[in-house]
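Please construct the entire structure, taking both the sequences and the accompanying hints into account.
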Amino acid sequence: MNTPLETLHRLYGGKMSTFAGWELPMQFSGPLEEHRWVREKAGIFDISHMGRIRVQGPSAAIYFETFTTINAQDLTAGRARYGLVLDIQGRIVDDVYLFRLGPEDFLFVVNAANRETILEEFFLHHPQKGTLTYQDITFDSIMIALQGPESGEVWKKIGGGTLPEERNEVWLDKNLIVSRTGYTGEFGIEVILPITEGLGLWEDLLSDPRVKPIGLAARDSLRFEAGYMLYGHELDRTLRPQDTSLGWAIRKKRLELLRGVESFQNMPPKYRLLWFTMEEKAVPRQGYPVFDSAGETKLGSISSGMYSPTNDIFAGNARVNWDFEGKPGDPISIEIRGVKKAARVIAPPLYPGGTQKKE
Amino acid sequence: MEYKDNVRYQDSHEWARIEGDVAVIGISDYAQDSLGDVVFVEFPDLGKNLTKGQAFGVVESVKAASDVFMPMTGEIIEINVLLKDNPEKINQDPFGDGWIMKVKISQPDEYDTLMSAADYQEYVKGLD
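Each protein sequence line maps, in turn, to chains A and B. For any residue, its number in this note's numbering is found by taking its place in the first sequence, counting from 1, and adding 10. For any residue, its number in this note's numbering is found by taking its place in the second sequence, counting from 1, and adding 6.
Calculated cross-link-like contacts (lysine-lysine; reagent style DSS-like; alpha-carbon spacing at most 30 Å):
no.: 1; chain 1: A; residue 1: Lys350; chain 2: B; residue 2: Lys58
no.: 2; chain 1: B; residue 1: Lys110; chain 2: A; residue 2: Lys291
no.: 3; chain 1: A; residue 1: Lys291; chain 2: B; residue 2: Lys108
no.: 4; chain 1: B; residue 1: Lys54; chain 2: A; residue 2: Lys350
no.: 5; chain 1: B; residue 1: Lys90; chain 2: A; residue 2: Lys51
no.: 6; chain 1: A; residue 1: Lys351; chain 2: B; residue 2: Lys69
no.: 7; chain 1: B; residue 1: Lys54; chain 2: A; residue 2: Lys291
no.: 8; chain 1: A; residue 1: Lys291; chain 2: B; residue 2: Lys90
In case anyone wonders, no lab produced these hints; they're calculated from the structure.
Set out below in structure tokens:
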């Protein structure tokens, strides 16, 4: 599949690759340069591949509470919230953002790889068809993230003067949705708009010298430094919420409405997500085995690992057995191509940034 | 894309340049461009003897870890220590500051089995 911006990406030197069935730019000038640019100026990301499902009706809020961990009923109109979609066994189907656009009007933003599963499992055959309508707007709109310390000033100039002030604030203006959300650890916004307007906005943004297009490789290293999860790495359908570090994303109220709640509440945690940095230079990557410092007992395996451009270190996180109680500073080892290399447990995030408030 | 003609290439994209009985070894401009930003180079131990075609190390970019192979048989006598803190030199100057190591060659005739710049360029064209 192609996003409407695909032709422009090639024109601007994007090196294209397939991600979750979509042809997307992996990089433009190079992932390290792009990463640093977003940390210092402003970058734009084509995230039109993200699944976008508009859900409307008087039962919409309560319906979201039956299959997500989000407190949708108390979510104020004009606000967005992060959460998890769970299946009947309490396992993680996806991590998502829910935008409340109006009292009975929601936008559900899901991962590209899980869009069809979510439509199939939660919308196509949902039980309350009478009072709820849904529309998959993924192919009828463009979604652009504008991120970086200069992004506010850029948006004031190009996007019409104002922007949502608070993190997770959402504005709806006819066909335009602007939210103070993002996946980089920087100040920024995400914009959803019709295709024609979106193509124009992309080019208008690029005409500003403070702005560069950013590929998926830098998007990954930026989110990793900021401590954000990526489905397929830190999260997947073998895990329940208690096996992750996402307790804060589970609502406190009306949890009994959530299908599968017993299986996730009664099941003891199996894993924890442990963050580390390499003591010896080497690149940790997903799937590499993680051992204790003696290199004798296997603790788990790496979920995400890479070079951190901001800190100039190699770092990663790993899914380790729950009973391993590694504290920041404790030594562990990582097996890389048959050789165990020294690493040290750290407290995330690698990049605290300016927007790390968890809500 | 640069195809320097004072070196010869093998199909796995390493180049060799002869200086007396020593071969300087690196990866091609095409290879560094395909890998993208290099963040780490895993070197072989000094004094190790490796034969043509054997993996001698790993070049790791943001994207992936790629084995690199001996273009000529010989003993590893020097590695480019500059790359330890500046692996990006491989991207910036693959035929110059981005060289990876020096090998004392034991089979000088192997040089003739490597591709000339023109042949390598033809070969690369067939890959795209």
